[in-house]
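Q: With the hints as extra help, turn the sequences into a complete structure.
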Amino acid sequence: MTARNVSFTLNGKPATLAVEPRQTLADAVRQHLGLTGTHLGCEHGVCGACTVLLDGDAIRGCLMLAVQAEGLSITTIEGASPPEGLSVIQDAMQRHHALQCGFCSPGMVLALESLFAHTPCPGEDDIREAISGNLCRCTGYQPIVAAALSVAEKNRANLGAAAPSA
Amino acid sequence: MKPAPFDYEAPTTVADALKLLGSHEDARPIAGGQSLVPMLAFRLARPSLLVDLNRIPSLSGIEEKGGVLRIGAMTRQAKVLASDVVKRHAPLLVQALENVGHPPTRARGTIGGSCAHADPAAELPSAMIALDATMVIAGSGGERRVRADDFFIGAFETALQPGEILVALELSKQQGVSAFLEVSARKGDFGIVTVAARVAVKDGRCIDAALVLGGIAERSVRCAEAERILKEQGATPKAIDAVLAALPLDAVTMDSRSASAAHRRRLIPELCRRAIEAALASQVTP
Ligand SMILES: Cc1cc2nc3c(=O)[nH]c(=O)nc-3n(C[C@H](O)[C@H](O)[C@H](O)COP(=O)(O)OP(=O)(O)OC[C@H]3O[C@@H](n4cnc5c(N)ncnc54)[C@H](O)[C@@H]3O)c2cc1C
Ligand code: FES
Ligand code: FES
Numbered sequence: 484m485t486a487r488n489v490s491f492t493l494n495g496k497p498a499t500l501a502v503e504p505r506q507t508l509a510d511a512v513r514q515h516l517g518l519t520g521t522h523l524g525c526e527h528g529v530c531g532a533c534t535v536l537l538d539g540d541a542i543r544g545c546l547m548l549a550v551q552a553e554g555l556s557i558t559t560i561e562g563a564s565p566p567e568g569l570s571v572i573q574d575a576m577q578r579h580h581a582l583q584c585g586f587c588s589p590g591m592v593l594a595l596e597s598l599f600a601h602t603p604c605p606g607e608d609d610i611r612e613a614i615s616g617n618l619c620r621c622t623g624y625q626p627i628v629a630a631a632l633s634v635a636e637k638n639r640a641n642l643g644a645a646a647p648s649a
Numbered sequence: 002m003k004p005a006p007f008d009y010e011a012p013t014t015v016a017d018a019l020k021l022l023g024s025h026e027d028a029r030p031i032a033g034g035q036s037l038v039p040m041l042a043f044r045l046a047r048p049s050l051l052v053d054l055n056r057i058p059s060l061s062g063i064e065e066k067g068g069v070l071r072i073g074a075m076t077r078q079a080k081v082l083a084s085d086v087v088k089r090h091a092p093l094l095v096q097a098l099e100n101v102g103h104p105p106t107r108a109r110g111t112i113g114g115s116c117a118h119a120d121p122a123a124e125l126p127s128a129m130i131a132l133d134a135t136m137v138i139a140g141s142g143g144e145r146r147v148r149a150d151d152f153f154i155g156a157f158e159t160a161l162q163p164g165e166i167l168v169a170l171e172l173s174k175q176q177g178v179s180a181f182l183e184v185s186a187r188k189g190d191f192g193i194v195t196v197a198a199r200v201a202v203k204d205g206r207c208i209d210a211a212l213v214l215g216g217i218a219e220r221s222v223r224c225a226e227a228e229r230i231l232k233e234q235g236a237t238p239k240a241i242d243a244v245l246a247a248l249p250l251d252a253v254t255m256d257s258r259s260a261s262a263a264h265r266r267r268l269i270p271e272l273c274r275r276a277i278e279a280a281l282a283s284q285v286t287p
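Quick mapping for you: the protein sequence lines, in order, are chains A and B. Heads up: the first sequence begins at 484 in the numbering used here, then just goes up one per residue. Heads up: the second sequence begins at 2 in the numbering used here, then just goes up one per residue.
Keep in mind that the hints were calculated from the coordinates and are not lab data. Please note: incorrect hints may appear among the correct ones.
[Stated by the list, open to error] With a cut-off of at most 20 Å between alpha-carbon atoms, the simulated EDC-like pairs for lysine to aspartate or glutamate come out as follows:
no.: 1; chain 1: B; residue 1: Lys3; chain 2: A; residue 2: Glu503
no.: 2; chain 1: B; residue 1: Lys188; chain 2: A; residue 2: Glu612
no.: 3; chain 1: B; residue 1: Lys80; chain 2: A; residue 2: Asp540
no.: 4; chain 1: B; residue 1: Lys188; chain 2: A; residue 2: Asp609
no.: 5; chain 1: B; residue 1: Lys188; chain 2: A; residue 2: Glu607
no.: 6; chain 1: A; residue 1: Lys637; chain 2: A; residue 2: Glu607
no.: 7; chain 1: B; residue 1: Lys3; chain 2: B; residue 2: Asp27
no.: 8; chain 1: B; residue 1: Lys188; chain 2: A; residue 2: Asp608
no.: 9; chain 1: B; residue 1: Lys80; chain 2: A; residue 2: Asp538
no.: 10; chain 1: B; residue 1: Lys80; chain 2: A; residue 2: Glu612
no.: 11; chain 1: B; residue 1: Lys88; chain 2: B; residue 2: Glu99
no.: 12; chain 1: B; residue 1: Lys80; chain 2: A; residue 2: Asp609
no.: 13; chain 1: B; residue 1: Lys66; chain 2: B; residue 2: Asp85
A: Written out as structure tokens, the structure is:
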């Protein structure tokens, strides 16, 4: 099958790629743009390593075809990280030792970005639900949850919100 | 793990989608892709043409009209899960969806895609049967309607004919309270055994009941005898014991390394008891 052009917003900037219909979004950003922060673990929807944001919501990059992104807005881990230093979630994960090999981390960060965008002060249950589709083989999840709880705590202090969760 | 080549079209109307599906022998619709793309990656599916339903606005949306809730087939599972109208009108659907996958799979996965896929361990088919939903199907000859109980035929098999599209689900207002419970390896996994329970009690009498088991056979199993006992004897503790004794345990055919048929049979009565009790205890009064 011949390649076709697909245009979408990637990390806030317009992008046009020539892709085969069978190419997944995760493969396309890795191979055509060298954005290798989007990891591929299982390539069939089970592990969450390929998580990207579609209009702010976490989705599986390996289960969306690149051609389907036409006109949509996609954010990869590169777009979710500031040019210098770490994002709030990345910083919390570093402080809580929430990664060892780091293979799952881009997916974890984006799953949490998606959660915090909707729910600034999530409780532990919300956090566990948000990362329930992301596998980590190293940490046992505990430090990842602790990192996310620390961000929620900070948000709560900043917002002056009394409620424990949304 | 890479799909075999295929062609791709993204029509914007159901009529165009039907035309495209009719134009190729092995054309296939793609909805959320949460089951189909893995099948493509494993090359369990090798369509020549994918017809993307994601650009057809008329296939998405939730609308209540004249007491009937119509949910477009392409409505995302996450949208339905978060919908107040659905919560009021058909709480069992929300209760079932809480068990379907994870936030990222629900952000893309659709209501219609799950029904059309008809995985024997999927939650939505049982919920649709317990709610007596109507499946609205479009084909080259126009629209037809099929009751959920007749729609789900077997494992990955439905009343959909090649070239047809599931366009919507229609639900009357849910009668009674409900609960959806399951045993699965981890939260968000497909169920080893799932139970959809719905009980309508009025003036101390049980006027309607639905008890549907999933994950145990080629398709969801409606527990007709157990439902009859509930309706006859009411939802009393004694009646519930009789209900549990009348469950169709011989319908269990699923037998896998992770969950034997015997294990599933052991799980069913306790899960049913808890589901009926949770339904009766639920504060949701639709
Ligand atoms: C990690 C993970 C966990 C999951 N866990 C669960 C779970 O616990 N329970 C569960 O039930 N599911 C689960 N799923 C599957 C998920 O719910 C899918 O969303 C669903 O099975 C298919 O919906 P879809 O919209 O993605 O359809 P697709 O994957 O796009 O399509 C599935 C099939 O249905 C056909 N189809 C789709 N829409 C239509 C239509 N409107 N008309 C005609 N044919 C159509 C397609 O041609 C295809 O054959 C999981 C998936 C993943 C990746
Ligand atoms: S690579 Fe996409 S879920 Fe594993
Ligand atoms: S840190 Fe290694 S998989 Fe999560």
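Q: Now tell me if each hint is right for this structure.
A: Right, here's what the structure says about each hint:
With a CA separation close to 12 Å, the supplied pair Lys3 (chain B) and Glu503 (chain A) stays within the 20 Å bound. Straight-line distance between C-alpha atoms of Lys188 (chain B) and Glu612 (chain A) comes to about 9 Å, which keeps the hinted pair within the 20 Å bound. Taken as a hint, the Lys80 (chain B) and Asp540 (chain A) pair is honoured in the structure, with Cα atoms around 12 Å apart against an allowance of 20 Å. At roughly 13 Å between alpha-carbon atoms, Lys188 (chain B) and Asp609 (chain A) fall within 20 Å of each other, so this suggested pair holds.
With a C-alpha separation of about 15 Å, the suggested pair Lys188 (chain B) and Glu607 (chain A) falls inside the 20 Å cut-off, and the hint holds. In summary, the hint linking Lys637 (chain A) to Glu607 (chain A) is supported, as the alpha carbons are separated by about 14 Å, within the 20 Å threshold. Between Lys3 (chain B) and Asp27 (chain B) the alpha-carbon distance is near 19 Å, which keeps this suggested pair within the 20 Å criterion. Annotation: proposed proximity of Lys188 (chain B) to Asp608 (chain A) holds, straight-line Cα distance about 12 Å (limit 20 Å).
With a C-alpha separation of about 14 Å, the suggested pair Lys80 (chain B) and Asp538 (chain A) falls inside the 20 Å cut-off, and the hint holds. Between Lys80 (chain B) and Glu612 (chain A) the CA atoms are separated by roughly 16 Å; this keeps the pair inside 20 Å, and the hint holds. Note on Lys88 (chain B) and Glu99 (chain B): the hinted pairing holds, with a Cα-Cα distance of about 12 Å set against a maximum of 20 Å. Distance check on the hinted pair: Lys80 (chain B) and Asp609 (chain A) sit about 17 Å apart at the alpha-carbon level, within 20 Å; holds.
For the proposed pair Lys66 (chain B) and Asp85 (chain B), the alpha carbon gap of about 15 Å is at most 20 Å, so the pair holds.
This entry satisfies every hint, going by the numbered hints stated previously.
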